[in-house]
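**Student:** With the hints as extra help, turn the sequences into a complete structure.
Residue numbers (the numbering used here), protein chains in the order written: chain R, 1 to 98; chain A, 1 to 486.
What the hints contain is simulated information worked out from the structure, not anything from laboratory work. C-beta atoms are modelled at their ideal positions from N, C-alpha and C, and glycine is treated no differently. Heads up, a few of these hints could be off.
[To be verified] A short list of chain A residues far from chain R (calculated; beta carbon distances all over 12 angstroms):
{"no.": "1", "residue": "Asn7"}
{"no.": "2", "residue": "Thr27"}
{"no.": "3", "residue": "Asp146"}
{"no.": "4", "residue": "Glu279"}
{"no.": "5", "residue": "Glu283"}
{"no.": "6", "residue": "Thr366"}
{"no.": "7", "residue": "Ala434"}
[What the hints assert, rightly or not] These stretches of chain R come out as covered by chain A in the derived footprint (C-beta under 8 angstroms, 3 or more residues):
{"no.": "8", "stretch": "2–12"}
{"no.": "9", "stretch": "27–39"}
{"no.": "10", "stretch": "50–57"}
{"no.": "11", "stretch": "68–79"}
{"no.": "12", "stretch": "87–93"}
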Amino acid sequence: MPAISRDEVAHLARLARLDLSDDELSHYAEQLDVILTAVTRVGEVAAQDVEPMSHPVMLDNVFRADVLQPGLTAEEALSAAPAVEDSRFRVPRILDEE
Amino acid sequence: MSFSYTNAVDLAAGIAAGDFSAREVATSFLDRIAETDDQLNAFLAVDVSGALATADAIDAARARGEALGPLAGVPVAVKDVLTTKGLPTTCGSKMLEGWIPAYDATVTANLRNAGAVIIGKTNMDEFAMGSSTENSAFGPTRNPWDAGRIPGGSSGGSAVAVAARQAPLSIGTDTGGSIRQPAAMTGVVGVKPTYGGVSRYGLVALASSLDQAGPFATTVADAAMLHAVMAGHDPRDSTSIDAPVPPVVQAAANPDVKGMRIGVVKQLTGEGFQREVREHFQESLDALADAGAEIVEVSCPHFEYALAAYYLILPSEASSNLAKFDAMRYGLRVGDDGDRSVEQVMALTREAGFGPEVKRRIMLGTYALSSGYYDAYYGQAQKVRTLIANDFAAAFSQADVLATPTAPTTAFPLGEKVDDPLSMYLQDIATIPANLAGIPGMSVPVGLDDQGLPIGLQFMAPAMADDRLYVAGGALEAAIGWEARP
Numbered sequence: 001m002p003a004i005s006r007d008e009v010a011h012l013a014r015l016a017r018l019d020l021s022d023d024e025l026s027h028y029a030e031q032l033d034v035i036l037t038a039v040t041r042v043g044e045v046a047a048q049d050v051e052p053m054s055h056p057v058m059l060d061n062v063f064r065a066d067v068l069q070p071g072l073t074a075e076e077a078l079s080a081a082p083a084v085e086d087s088r089f090r091v092p093r094i095l096d097e098e
Numbered sequence: 001m002s003f004s005y006t007n008a009v010d011l012a013a014g015i016a017a018g019d020f021s022a023r024e025v026a027t028s029f030l031d032r033i034a035e036t037d038d039q040l041n042a043f044l045a046v047d048v049s050g051a052l053a054t055a056d057a058i059d060a061a062r063a064r065g066e067a068l069g070p071l072a073g074v075p076v077a078v079k080d081v082l083t084t085k086g087l088p089t090t091c092g093s094k095m096l097e098g099w100i101p102a103y104d105a106t107v108t109a110n111l112r113n114a115g116a117v118i119i120g121k122t123n124m125d126e127f128a129m130g131s132s133t134e135n136s137a138f139g140p141t142r143n144p145w146d147a148g149r150i151p152g153g154s155s156g157g158s159a160v161a162v163a164a165r166q167a168p169l170s171i172g173t174d175t176g177g178s179i180r181q182p183a184a185m186t187g188v189v190g191v192k193p194t195y196g197g198v199s200r201y202g203l204v205a206l207a208s209s210l211d212q213a214g215p216f217a218t219t220v221a222d223a224a225m226l227h228a229v230m231a232g233h234d235p236r237d238s239t240s241i242d243a244p245v246p247p248v249v250q251a252a253a254n255p256d257v258k259g260m261r262i263g264v265v266k267q268l269t270g271e272g273f274q275r276e277v278r279e280h281f282q283e284s285l286d287a288l289a290d291a292g293a294e295i296v297e298v299s300c301p302h303f304e305y306a307l308a309a310y311y312l313i314l315p316s317e318a319s320s321n322l323a324k325f326d327a328m329r330y331g332l333r334v335g336d337d338g339d340r341s342v343e344q345v346m347a348l349t350r351e352a353g354f355g356p357e358v359k360r361r362i363m364l365g366t367y368a369l370s371s372g373y374y375d376a377y378y379g380q381a382q383k384v385r386t387l388i389a390n391d392f393a394a395a396f397s398q399a400d401v402l403a404t405p406t407a408p409t410t411a412f413p414l415g416e417k418v419d420d421p422l423s424m425y426l427q428d429i430a431t432i433p434a435n436l437a438g439i440p441g442m443s444v445p446v447g448l449d450d451q452g453l454p455i456g457l458q459f460m461a462p463a464m465a466d467d468r469l470y471v472a473g474g475a476l477e478a479a480i481g482w483e484a485r486p
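**Tutor:** Encoded structure:
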């Protein structure tokens with residue numbers, strides 16, 4: 001049995017907001033299956049008593065003094081926007097009609 | 001006058017002494033780019049007017065008797081994953097084609113403050129995902145040793161810029177080997193500093209717990225000069241280490257390995273490596289022993305799981321980091337016809353804007369992080385990461401630095417592995433462990449294979465002992481006397 005089915009890949013693509021074509025779905029299903037089968041090896045080692053490592057530098061919260069610092073102006077922040085209206089980002093509708 | 005084969009250290013000294021001007025140097029390298037880059041495609045943007053203006057400002061400052069920065073007038077090429085105010089930053093992706101950032105990365109700002117002349121932005125695998133620079137949306141970069149072959153990746157453009165002497169220095173980033181592997185493939189020096197040693201502010205993130213920017217150069221001393229300028233604590237990167245920069249310049253200036261214990265990692269030798277790679281590795285160890293180093297063998301039994309852990313941790317972090325490319329605030333937007341919803345526009349944009357390898361890794365990461373699979377994949381991978389860090393700790397109790405071949409093979413032909421992800425991923429088998437543990441690594445050129453293609457040797461050192469890389473690398477460079485040019 002493959003590690004991942006074509007339907008699962010379609011579900012992942014929806015979650016990841018990728019509008020994949022049918023050809024891509026088939027191709028990625030095949031490749032992800034090969035990759036997942038290979039990486040499943042991580043289950044062979046690392047028993048219960050091993051602490052997970054999320055990061056190479058163990059840091060506690062890093063704080064700075066709460067003082068104003070210069071940031072981007074509104075104009076700079078909007079300078080690369082795909083669409084702008086009234087000094088704001090203009091976006092497609094966020095609610096579905098149905 | 002051509003400065004193509006003048007080292008960065010000598011360029012900086014010559015400009016400071018008035019032997020030649022920063023403008024002459026910039027012009028020489030800009031000419032070289034114009035002559036060679038149609039074939040090599042190492043640059044995505046060349047900043048002719050900006051480079052000349054900076055060079056003129058350096059010359060004027062010198063004429064006024066002002067103190068000059070350590071890189072004053074030295075051209076530097078920057079990987080297109082670091083933001084440059086006023087210069088395009090694409091990450092090799094259609095998603096960011098034409099994006100001109102409103103701010104400088106800290107690395108970019110450090111370069112400017114040191115007087116460096118930023119000459120252009122270099123080609124790369126899209127969002128730094130790849131080992132061949134074939135995943136660039138703007139065409140592959142070619143290896144100057146053989147234009148039919150890949151230059152390594154993902155920092156292939158930066159490696160080639162230095163190898164082909166289009167720039168004396170360049171900057172790359174390394175998440176699993178993306179500086180060291182292309183350095184090996186193109187016959188230059190490449191360094192991944194300690195994680196946290198160089199600020200990640202303004203580095204467009206691939207995998208935040210692994211990414212690190214570092215230098216490419218033709219000599220160990222040149223790399224040290226750039227390393228010292230790039231590195232240092234940055235309050236804008238909360239993972240930046242608040243400690244002095246390791247004394248890399250001093251180390252490179254006095255590379256004495258007498259009494260240094262060099263550990264050969266048992267698991268990263270043998271059959272998996274091309275014959276000539278193994279031979280040159282052994283010759284290099286012999287040369288280091290002749291120079292007074294003590295060669296010992298160390299065992300890192302969990303390294304065989306490093307690749308598997310990496311290809312869970314990296315896609316997980318990448319899928320999360322790349323969620324910000326949502327077509328709303330900057331970058332590409334596709335299909336916004338006034339009718340489609342924001343989610344449809346996002347999905348159409350991401351489908352059109354991302355290439356195959358990026359999509360592959362986003363889906364892999366989304367899978368590894370999804371509920372029901374998290375513990376078996378991402379959780380287990382994080383435990384393997386601990387075991388690898390423990391292997392390193394044990395190895396560094398027996399050795400001051402570790403040595404391995406940088407990559408299993410020399411440069412392979414364009415197209416050979418492009419649709420075979422697992423075989424491509426194997427390129428980084430020797431470099432990935434250092435990223436997982438956050439320790440520094442360096443690739444030094446040590447010879448050519450039977451086809452005349454460069455071979456690299458990797459040194460690794462404990463965290464914040466980057467200077468040891470420069471001692472070992474400098475000694476090996478002196479022992480080998482590498483002078484080959486593409």
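**Student:** If a hint holds in the structure, say so; if it does not, say that too.
**Tutor:** Okay, the hints, checked on the actual structure:
| no. | hint | in the structure |
| --- | --- | --- |
| 1 | Asn7 | holds, 32 angstroms |
| 2 | Thr27 | holds, 31 angstroms |
| 3 | Asp146 | holds, 28 angstroms |
| 4 | Glu279 | holds, 29 angstroms |
| 5 | Glu283 | holds, 33 angstroms |
| 6 | Thr366 | violated, 5 angstroms |
| 7 | Ala434 | violated, 10 angstroms |
| 8 | 2–12 | holds (count 4) |
| 9 | 27–39 | holds (count 8) |
| 10 | 50–57 | holds (count 8) |
| 11 | 68–79 | holds (count 4) |
| 12 | 87–93 | holds (count 4) |
Checked against the numbered hints above, the structure violates hints 6 and 7; every other hint is satisfied.
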